[in-house]
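Just need the whole structure built from these sequences, with the hints factored in.
Given next are the chains, with one letter for each unit.
Protein chains: 2
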Amino acid sequence: MKRILIIEDDMDIAGLERDYLQLNGYTAEIVQDGELGLKKAMTAMYDVIVVDLMLPQKDGFEIIREIRKKLEIPIIVVSARNEDIDKIRGLDFGADDYLTKPFSPAELIARIKSHLRRYERLKGHTISEIIAHRGLEINIASHKVIVNSIPVQLTTKEYELLLFLATNPNIVFSKAHIFDKIWGDECYGDNATVAVHIQKIRKKIEKDPTNPEYIETLWGTGYRFNP
Amino acid sequence: MKRILIIEDDMDIAGLERDYLQLNGYTAEIVQDGELGLKKAMTAMYDVIVVDLMLPQKDGFEIIREIRKKLEIPIIVVSARNEDIDKIRGLDFGADDYLTKPFSPAELIARIKSHLRRYERLKGHTISEIIAHRGLEINIASHKVIVNSIPVQLTTKEYELLLFLATNPNIVFSKAHIFDKIWGDECYGDNATVAVHIQKIRKKIEKDPTNPEYIETLWGTGYRFNP
DNA sequence: TTTTTCTATAATAGACTTATTATATTGTAT
DNA sequence: ATACAATATAATAAGTCTATTATAGAAAAA
Numbered sequence: 001m002k003r004i005l006i007i008e009d010d011m012d013i014a015g016l017e018r019d020y021l022q023l024n025g026y027t028a029e030i031v032q033d034g035e036l037g038l039k040k041a042m043t044a045m046y047d048v049i050v051v052d053l054m055l056p057q058k059d060g061f062e063i064i065r066e067i068r069k070k071l072e073i074p075i076i077v078v079s080a081r082n083e084d085i086d087k088i089r090g091l092d093f094g095a096d097d098y099l100t101k102p103f104s105p106a107e108l109i110a111r112i113k114s115h116l117r118r119y120e121r122l123k124g125h126t127i128s129e130i131i132a133h134r135g136l137e138i139n140i141a142s143h144k145v146i147v148n149s150i151p152v153q154l155t156t157k158e159y160e161l162l163l164f165l166a167t168n169p170n171i172v173f174s175k176a177h178i179f180d181k182i183w184g185d186e187c188y189g190d191n192a193t194v195a196v197h198i199q200k201i202r203k204k205i206e207k208d209p210t211n212p213e214y215i216e217t218l219w220g221t222g223y224r225f226n227p
Numbered sequence: 001m002k003r004i005l006i007i008e009d010d011m012d013i014a015g016l017e018r019d020y021l022q023l024n025g026y027t028a029e030i031v032q033d034g035e036l037g038l039k040k041a042m043t044a045m046y047d048v049i050v051v052d053l054m055l056p057q058k059d060g061f062e063i064i065r066e067i068r069k070k071l072e073i074p075i076i077v078v079s080a081r082n083e084d085i086d087k088i089r090g091l092d093f094g095a096d097d098y099l100t101k102p103f104s105p106a107e108l109i110a111r112i113k114s115h116l117r118r119y120e121r122l123k124g125h126t127i128s129e130i131i132a133h134r135g136l137e138i139n140i141a142s143h144k145v146i147v148n149s150i151p152v153q154l155t156t157k158e159y160e161l162l163l164f165l166a167t168n169p170n171i172v173f174s175k176a177h178i179f180d181k182i183w184g185d186e187c188y189g190d191n192a193t194v195a196v197h198i199q200k201i202r203k204k205i206e207k208d209p210t211n212p213e214y215i216e217t218l219w220g221t222g223y224r225f226n227p
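Line by line, the protein sequences give chains S and H.
The opening residue of the first sequence carries number 1 in this note's numbering; numbering runs sequentially from there.
The opening residue of the second sequence carries number 1 in this note's numbering; numbering runs sequentially from there.
Mixed in with the good hints there might be a few duds.
Okay, the calculated beta carbon distance ranges per label pair [as the list claims (entries may be wrong)]:
no. : chain 1 : residue 1 : chain 2 : residue 2 : range
1   : S       : Thr27     : H       : His177    : 54 to 60 Å
2   : S       : Ala176    : H       : Ala195    : 30 to 36 Å
3   : S       : Gln57     : H       : Leu99     : 33 to 39 Å
Residues from chain S that keep clear of chain H, each with C-beta distances beyond 10 Å, as calculated [to be verified]:
no. : residue
4   : Asp10
5   : Gly15
6   : Gln57
7   : Glu62
8   : Ser79
9   : Asp92
10  : Pro105
11  : Lys113
12  : Tyr119
13  : Ile171
14  : Gly184
15  : Pro209
16  : Pro212
17  : Gly220
Calculated from the structure, these hints are not laboratory results.
Don't be surprised by glycine CBs; every beta carbon is placed ideally from N, CA and C.
Here is the structure:
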């Protein structure tokens with residue numbers, strides 16, 4: 001079941017969107033506040049984000065830019081003003097598509113479908129799919145991970161690290177790269193920190209932490225998540 | 001320099017498209033015939049394909065379906081008839097975007113730009129590029145090597161060395177040259193080290209390490225990878 | 001408290017060296 | 001020419017060393 005996040009302050013429109021999405025087999029969640037919307041989006045549990053440009057508290061452009069720093073998922077912009085379109089298209093701030101109000105819900109569905117298809121084609125999987133894999137299930141809301149039906153409590157950093165690796169399976173990342181991704185480019189820190197976190201995650205999710213199945217060590221190169 | 005393939009029988013339109021693309025720093029190639037267009041596209045030398053639906057000889061839909069079987073790159077459809085749009089959107093036959101004639105060249109450029117951006121975003125960092133020669137497969141993103149469907153575990157140095165040779169097939173490299181490439185010019189070390197690594201790689205990937213098929217020895221000269 | 005980060009130490013994979021054996025090439029004598 | 005020896009180069013095996021990672025525990029931060 002694909003999950004869509006709607007960031008939209010007009011509840012009439014948001015509700016309509018949600019109903020249509022649900023009719024088409026999607027799970028939709030509405031957030032009316034920009035600040036909260038950004039936070040929700042950053043949990044990385046959604047497959048697509050639909051965001052209105054005109055929001056109270058936080059600028060839509062800013063939200064998208066922030067999301068794009070961390071996530072690769074499709075972002076569809078909704079705008080009431082036709083003039084915004086050029087701005088959206090011209091500036092490369094990370095949105096994938098745009099719709100001007102009023103738009104037909106069918107149009108929205110069609111576009112979401114198309115973006116999901118492409119994402120899956122290029123990445124090989126969608127977010128929802130990666131969250132449950134083999135015996136490992138990542139519950140994003142609670143930061144809990146379920147390994148072979150046994151719930152495991154991860155700390156924030158442990159969770160972020162695992163999620164990053166799990167959403168990029170079969171790719172080797174150096175400790176420095178992982179550090180940059182999780183802590184941010186600006187942060188200066190020790191790669192040992194990454195090693196320590198990896199160790200702690202392994203203790204919690206691996207059957208035998210000495211012979212890890214999920215997070216593999218490539219000596220001298222980095223770590224790799226095996227799905 | 002990004003390469004665009006235009007499959008379009010109307011030379012007026014195709015020429016206009018090409019000129020605009022070139023003005024924007026792209027390399028554009030025009031093919032007027034559907035059959036040939038498909039063949040060209042399949043060479044996988046292009047970054048984006050722009051295809052007209054109405055073509056002599058071969059149906060545009062069919063072409064796109066064929067391309068999509070093999071390639072993940074963005075495909076943009078151009079159609080003269082407005083009615084086609086619904087068909088394009090409704091059917092999932094692999095196109096990424098559509099434009100109805102007449103359209104502004106700027107619009108085409110904008111869309112191509114946007115698709116390229118997204119493609120790079122989703123594929124760029126995690127290039128799951130695979131180098132394959134005969135039974136040997138090297139997956140760059142995951143550092144995995146497979147020989148005749150059997151995964152082989154290489155160490156970092158072994159992997160680097162094999163990758164270097166495999167990406168430069170049919171070229172002879174002296175041990176000193178290989179050493180410089182893998183270890184860096186500044187490093188001083190023994191050429192024997194290279195020989196030892198070659199030996200270890202052979203043990204892992206060659207059927208008969210004594211008569212190597214992949215990494216051949218050129219007595220007194222160096223080593224050569226045979227594809 | 002709990003979580004995160006740092007530091008010191010231990011474990012170890014694998015990188016490198018060395019010594020030895022095998023093989024190809026070249027040169028020389030028959 | 002052919003056979004053989006001499007020489008140069010490569011393959012191999014084994015052992016040493018180093019760099020990297022794992023781990024534990026303390027310190028700092030939240």
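Hint check:
1. At about 57 Å, the CB distance of threonine 27 of chain S to histidine 177 of chain H agrees with the hint of 54 to 60 Å.
2. Judged by the Cβ atoms, the range 30 to 36 Å given for alanine 176 of chain S and alanine 195 of chain H holds: they are separated by roughly 31 Å.
3. The hint said 33 to 39 Å for the Cβ distance between glutamine 57 of chain S and leucine 99 of chain H, and at roughly 37 Å that hint holds.
4. With a least CB separation of 26 Å from chain H, aspartate 10 of chain S remains clear of the 10 Å interface cut-off, as annotated.
5. Consistency note on glycine 15 of chain S: stated as away from chain H, and its beta-carbon is indeed over 10 Å from all of that chain's, at 24 Å minimum.
6. With a minimum CB-CB distance of about 27 Å to chain H, glutamine 57 of chain S clears the 10 Å threshold, and the non-interface call stands.
7. Look at glutamate 62 of chain S: its CB is around 19 Å from the nearest CB on chain H, clear of 10 Å, so calling it non-interface holds up.
8. Distance to chain H confirms serine 79 of chain S as a non-interface residue, since its nearest Cβ pair spans about 16 Å, more than 10 Å.
9. Chain H draws aspartate 92 of chain S into its interface by the beta-carbon criterion, the shortest separation being 6 Å against a cut-off of 10 Å.
10. Taking the minimum C-beta to C-beta distance to chain H, about 14 Å, the non-interface status of proline 105 of chain S holds against the 10 Å cut.
11. For lysine 113 of chain S, the non-interface assignment is contradicted: its Cβ lies about 8 Å from the closest Cβ of chain H, within the 10 Å cut-off.
12. Here tyrosine 119 of chain S does not stay apart from chain H, with its beta-carbon only about 7 Å from theirs, under the 10 Å limit.
13. In this structure isoleucine 171 of chain S is not separated from chain H by more than 10 Å, as the shortest Cβ-Cβ distance comes to only about 5 Å.
14. Taking the minimum C-beta to C-beta distance to chain H, about 16 Å, the non-interface status of glycine 184 of chain S holds against the 10 Å cut.
15. At roughly 20 Å, the least C-beta separation between proline 209 of chain S and chain H is larger than 10 Å, which holds for a residue marked as non-interface.
16. Its beta-carbon lying about 15 Å from the closest one in chain H, proline 212 of chain S satisfies the requirement of being farther than 10 Å from that chain.
17. Consistency note on glycine 220 of chain S: stated as away from chain H, yet its beta-carbon is not over 10 Å from all of that chain's, at 4 Å minimum.
Going down the numbered hints, you'll see the structure goes against 9, 11, 12, 13 and 17, while the others check out.
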